[in-house]
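Make the complex out of the two chains shown on their own, each in a separate frame, by following the hints.
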Amino acid sequence: MRSTFYGFDIAKSGLFAAQKGIDVTGHNIANANTPGYTRQRLIQAAVDPTYYDQRFLPADHAVVGAGVEVKYIDQIRDIFLDRQFRNESAVYGQWATYESGLSRVEDLFNGTENTGIASGLSAFYAALQKLSQNPGDKEFMTAARQEAIKLTETFGHVYDQLLEMQNDYNEQISITVGELNDVARTISEYNAEIYRFELTGNHANDLRDKRNLLLDTLAGMADITYSEDADGKLSVFIGGETLIEHNTYNELMVDPDVANPLPGETNMLYTVKWATGASAGDAVTLGGGTIAGMLKLRDGNAADNQGIPYYVTQINTLAKAVVEEINAVHQQGWTYPTDEDPDPVTGDPVSKTGVNLFDPTGVDFNASKMSVSADVLKSVFNIASSDKTIVLGDTDENTGNNVNNLKKMIELFNSDKLTLVPGVNSLQGYYRSFIAELAVEVRHAGNMVEMKDALVSSIDTQRTSVSGVSLDEEMTNLIQYQHSYSAASRVINTMDEMLDVLINRTGMVGR
Amino acid sequence: MITAMRVTNSMMVSTYLSDLNRNAYRLNNYQSQLATGRRLVRLSDDPVGAINSLRAREKLSKIEQYQDNVEQAKSWLTQTETAVMDLNSIAQRAYELSVQATGGVYSPTEKAAIQKEIDQLKQQTLSTLNATLGDKYLFGGYNFTSEPFTTDASGNLIYNGVQMVPDPPADPTDPVQLADYQAKLAAVKAFSDDQRQQTVQYEIGKSNYITVSVPGVDVMGKSPNDLYTVLKEFSAWLSTDGTTGETGLQNTITKLQDCQKDILANAAELGGRQNRLDLAGNRYEQDYINYSSIRSQVEDVDQTETIMQYMMAQAVYNASLAVGSKVIQPSLVDFLG
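Chains as they are written, first to last, in my numbering: chain A, 1 to 511; chain B, 1001 to 1337.
Here chain B stands alone, though its shape is the one from the complex (with noise of 0.2 Å):
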């Protein structure tokens, strides 16, 4: 008949045994967490946990990458306004030179100087647009790998393979050739702005683009009153011995003064989005960290706390073996005569 509970032996040793393994098992999961540095040792300790680490990871991730995009952004960009400064020194020198080509009735030797040093500044136009990063060319638009500015026989300037500023007709009046020449300056057009769409882009944060490049057709005034083709005029005109007349000059030093100012503009919209990149970049460092420590509060573990539930759980451990060894171990049998 059993009355209150009716103990046995063996209920109290496996109850002994269930009580210490639950111990110890709570033991070695503090110990793995201190071990591992992870707070989730499982995914099924905290599932709520183990998505948000991810998704942290995840954005960790764009941010570098969106990071390294805005570097390389800035590579291109700083290239790109040295050769635009660069233009416009050549462009500023043109204009004092055509300034002081009016001042006066030049010998014959000195505007051969000026001619000269005009040819000098075209080759340097010419070297400056075909400037690279690497080995990839600014001006090109998408065309990275041949050189996008090259001159043809007569030294015209051909641009990705077209001839920027068709020959004029040899006989204005012949309707047939005008309008041969009208065709050739639509095509041109045409294929100007088809050049403008090629634009060179890096993501800088979720479908958020930057364009890093100037297209080759705007980037020294848009052809024919492009910085190249102004300075073969003035070479040309400085060929004849000046007596064409001043208006031929004027129309130069205007050209001139207009070509900074479309090459000056470049440079402002360059320095615009120099400082969107700064911006980007400091809000993603920002965003690095807030999110790093997202990830750091969901994943790692907190030391000083572990380690003291893990003292804790230790000092239950040894007191659940001192104990349970004292009352298991006895029975009548040691008492008995």
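Pulled out of the complex, with its shape left as it was, chain A reads as follows (with noise of 0.2 Å):
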């Protein structure tokens, strides 16, 4: 038999699944674009009969259920692909991090026909021209010497800048790793909260959210994997070792053990490694993410690593080419005799051979070091063009031989079977090989950053229609809410006249 009031308990149950509906459809419209929101929905059930308990299975067996039971409420959500978005986002943030530092390296080239190497080569080479016209003139030597010296400050600054540029991501490298250990901390704690609400039965789908938003971020840092075990905690790895270990954590941190590869600099740089844990001393391993993005252009070095020491390299290289095949010529030339730098035991003005024009490489020389020597700064005159010793006297000899100037110094620029340091076997054509390589690298990383990119997006634009908020769906939503809310009052309202009839106007006979 069927207790008076049960159908109350069935409406009522309507109702309050109907306003938990009408909340869980307000929230989600409130966060439609909170970035990182999941929508969630609410998970109903219908309620089995209640006669378990009873003494007495009722007579008919037509039973009724009891209404409506709100389960929990749910956030849609796929996995998979959060797994593959992060997988993508730690190639994706390595490659963007890369190409970003090569476009820095590129622009110091971009634009450079009047200022850069090519023109200051092509600049020195015409004032040798101009000095060949005119052996033994001060205003024609002086321009060559001051063609020498804005040559040597090219070099210079190109250097300095690409240094410049590697001191900037050993840094930034620091940087990231702290940020890497702040966000795994939060991480930390989250896991804590999130397993102790879940304790409760609910779920803690807007603490679970934000977890996904650091662990989206984490990912495009370093290449982590993760899993949840059975009882909701969660365990990050890198490389194969323990970052994050539901609420406690491993940090990395920064030792800058490793002596700069780039000879002439004795800095030291950074590895990063596990700060604390099992593995605590160890370098990290990375495969990828912006922190390996930043390492390869810190370190690399080869024609298949190509990072800014490789740069650096090659800048080197080419500036000791210069210095070393004009200082190999200008030796066998003969200098004018000056009263500027005349002979130290003597102190007439002498003819020399065996000058240098540049000063000459020595151990760890680079491009910052390249410099004109003292004996051409200290007199123009020390610019030999002569292939014979010049004589001031009664008769001068020699004073217009422009014989080793005309036919070595002006055939090196002419020249593709330079010997003396190995590679450059011709000046300007090395340095149109070494920016040949830079585009080219440039242009790969940009087209695997659009490709990276265009996966990403992909990805995230699959996990938003699964899991980001449509207002119009949520509309629809709100008006079966609603409906459904009234309906219920509705059943309350006719239980009410039902039971008014029985309670107030049955057994009024006589009265």
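Worth flagging that the hints you see were computed from the coordinates, not collected in a lab.
The reader is advised that the hints may include incorrect statements.
Counterexamples of contact, computed for chain A against chain B with all Cβ distances above 12 Å [to be verified]:
no.	residue
1	F109
2	D168
3	P263
4	V469
Calculated pairs, BS3-like style, for lysine-lysine (alpha carbon to alpha carbon, straight line, at most 27 Å) [stated by the list, open to error]:
no.	chain 1	residue 1	chain 2	residue 2
5	B	K1184	A	K417
6	A	K388	B	K1189
7	A	K417	A	K130
8	A	K210	A	K233
9	A	K130	B	K1136
10	A	K210	A	K20
11	A	K407	B	K1074
12	A	K388	B	K1222
13	A	K417	B	K1189
14	B	K1074	A	K130
15	A	K320	A	K407
16	A	K378	A	K130
17	A	K138	A	K378
18	A	K320	A	K130
19	B	K1206	A	K407
20	A	K407	A	K138
21	A	K408	B	K1206
22	A	K388	B	K1184
23	A	K407	A	K378
To spell it out: a stretch of chain A is covered by chain B in this simulated footprint if at least three of its residues, at any positions, have a beta carbon under 8 Å from a beta carbon of chain B; those stretches are [said to hold, decoys possible]:
no.	segment
24	427–438
25	474–483
As the structure is a prediction and not an experimental result, all values here were calculated from the model.
Note that beta-carbon positions come from the ideal geometry of N, C-alpha and C, so glycine has one too.
Structure representation (structure tokens):
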């Protein structure tokens, strides 16, 4: 037999469910633009008929369920897409960082047709030609020295900027590792909270959303793998080593223990290491992410691993070739006797041979050490055009001799058979190859970034398709819940009227 | 449950934004190209083009240098030619005078007049030989800075410090003096050969040199038959009363003719070099135009084509703005009561 007020409970449960549904819809609508928000929905289930605890089974076999029950609030998210997104994020992060670094290197050489190394070499060549027309004329010697000085300054400038970039990335690695530690700590805190919250049987939807957002960020920095076990505890790994284990985490640190491989530079570069945990003190194995990209930029020194050191090495090689080839030829020439640099013993002006135009390359030579020699800085007359000794007197000898300059120094710029520095068989040709390699690598990196960006965007779009809030859908739900609330309250009204008849108007005969 | 593809507001917005960004990027690129006039904004836009641009520029710089050297060489040669033609006129005048002298017996005054003119011609020769271009001596070989041709107290020709015609031995029969004289002749010959190697050259093409100088030891004939020495001998002969004989005069006439031949040979050689320079100059003018157009093709933007592409990109951009704004705004909310 049915209890009198049984129907009220059923309708009441309908009301509560509809109210809850409207709350959830309202929450979704409010968070339609929240980054990382996953849409939530109400999971309701019909309540089984409550006859199990009655002593007697009802006489009829038509038992009715007891209404609706709100089971829990679920969030709609595809964890497989999440995993894909994070994997691709790491690859994208590495390429994006690498490409932006290479673009900065490329910027040093863009639009430098009139100011860069190629034009510096051309200007020096032009000055030498003018000098060959006018050997022994002070103005032309001064012009040639000036072009030589400008050339050394151009090389030095390029070198300095590249080195500064390398230092920048070194520092950025340190900063990013700090950020990574922060994120790891926050995730571990969320882990603890989510676990605690879900012990009560609720779903920690909004906390999970926040944690997922942080995992996305983390995935861009380093190539993480993660898993959540049956108890709901999350573990995150980098390169196989544990970063986060539920509510504890291991920190990464930077240790300046690698000497800068570039010659002539003595600063120490950072290695990323585990600070705590089972592998404390070991280097972190990074296979992707922005940190890996920065490491590649800072360290890459081979044709199949092109980073800033690779380009610096090539600039150094070219500088070395310029200095050594020109000096080798210049030493064979004879200088113009001058009072500005007389013979130290006799004090008379004298013509000298074996003089360098640039300071010789020593150990650890790099492009910033390139400079015009002290002899030539002291006097422009120490620029040797002649191939025989010059004598000034009653009759002058060889004051018009330009053979060394013409046949040897100028020939350096025509030659593609230079031999002093391995790899450089033509001065301007080497620079062109360098530019070609840089341009092609930047283009390649740009293409990869575009490709990976498209992939990541596509996965993200799919994620949003699954988890994003559609206002149209929420509006529709709102209308449904509103109607179901109205209908439930209608049921209560009906019950009320029915009972009213029974209670207030039955058995009133004779009153 | 997901049927087809569920499209949410945020998806539409992010798709809209990324497409808009792509259009804006293209628009920005065209605008940059038009503003700078350069097709290659970045090296990576066209790596091969960047290299071709560097090559073309290097080539143009070299051509400019070669053209400059050609001009300088022409100046030098022109100045030299002028001096050589002056020497030729001097030799011609001396020849006329020498022919006159054979004509008959002259009075001492007439002889003195001829001698005076010959002496003047001698001076003129010396100053012509010390001609300069700017402040550089033309005929000193690698000696640009001090007068190459001077005379000593006895009027002997000194070239770059060496007496070109050694004094003959006082006693030709004395073997010591003879040997001494032979040695001096050999030394002058060695010196002359060395001086001939001192050629002033300019580069007018890749490893292509032109000699612009004429050796001082050859320009007026080879010593001891050079113009100055012959004029000196002629003057000395005129000082005697001409009774030493017609043979002396005949010798002088022959020597003057030979001198003139040598001088004219030099002039012809110089003419040949000028032709070579003219050819080179013309060729470089053409080369310069060719390489300039190569450089421009690679580096410069084609204004009309780029403007058209810019207008199209702008139209696409405007369209995407207009359509996008209409699509992302309304939702069901606007249509519910």
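Do the hints match the structure? See the list:
{"no.": "1", "hint": "F109", "result": "violated, 6 Å"}
{"no.": "2", "hint": "D168", "result": "holds, 20 Å"}
{"no.": "3", "hint": "P263", "result": "holds, 26 Å"}
{"no.": "4", "hint": "V469", "result": "violated, 6 Å"}
{"no.": "5", "hint": "K1184/B / K417/A", "result": "violated, 46 Å"}
{"no.": "6", "hint": "K388/A / K1189/B", "result": "holds, 20 Å"}
{"no.": "7", "hint": "K417/A / K130/A", "result": "holds, 24 Å"}
{"no.": "8", "hint": "K210/A / K233/A", "result": "holds, 16 Å"}
{"no.": "9", "hint": "K130/A / K1136/B", "result": "holds, 15 Å"}
{"no.": "10", "hint": "K210/A / K20/A", "result": "holds, 23 Å"}
{"no.": "11", "hint": "K407/A / K1074/B", "result": "holds, 20 Å"}
{"no.": "12", "hint": "K388/A / K1222/B", "result": "holds, 25 Å"}
{"no.": "13", "hint": "K417/A / K1189/B", "result": "violated, 39 Å"}
{"no.": "14", "hint": "K1074/B / K130/A", "result": "holds, 15 Å"}
{"no.": "15", "hint": "K320/A / K407/A", "result": "holds, 22 Å"}
{"no.": "16", "hint": "K378/A / K130/A", "result": "holds, 21 Å"}
{"no.": "17", "hint": "K138/A / K378/A", "result": "holds, 13 Å"}
{"no.": "18", "hint": "K320/A / K130/A", "result": "holds, 25 Å"}
{"no.": "19", "hint": "K1206/B / K407/A", "result": "holds, 11 Å"}
{"no.": "20", "hint": "K407/A / K138/A", "result": "holds, 21 Å"}
{"no.": "21", "hint": "K408/A / K1206/B", "result": "holds, 13 Å"}
{"no.": "22", "hint": "K388/A / K1184/B", "result": "holds, 24 Å"}
{"no.": "23", "hint": "K407/A / K378/A", "result": "holds, 25 Å"}
{"no.": "24", "hint": "427–438", "result": "holds (count 6)"}
{"no.": "25", "hint": "474–483", "result": "holds (count 3)"}
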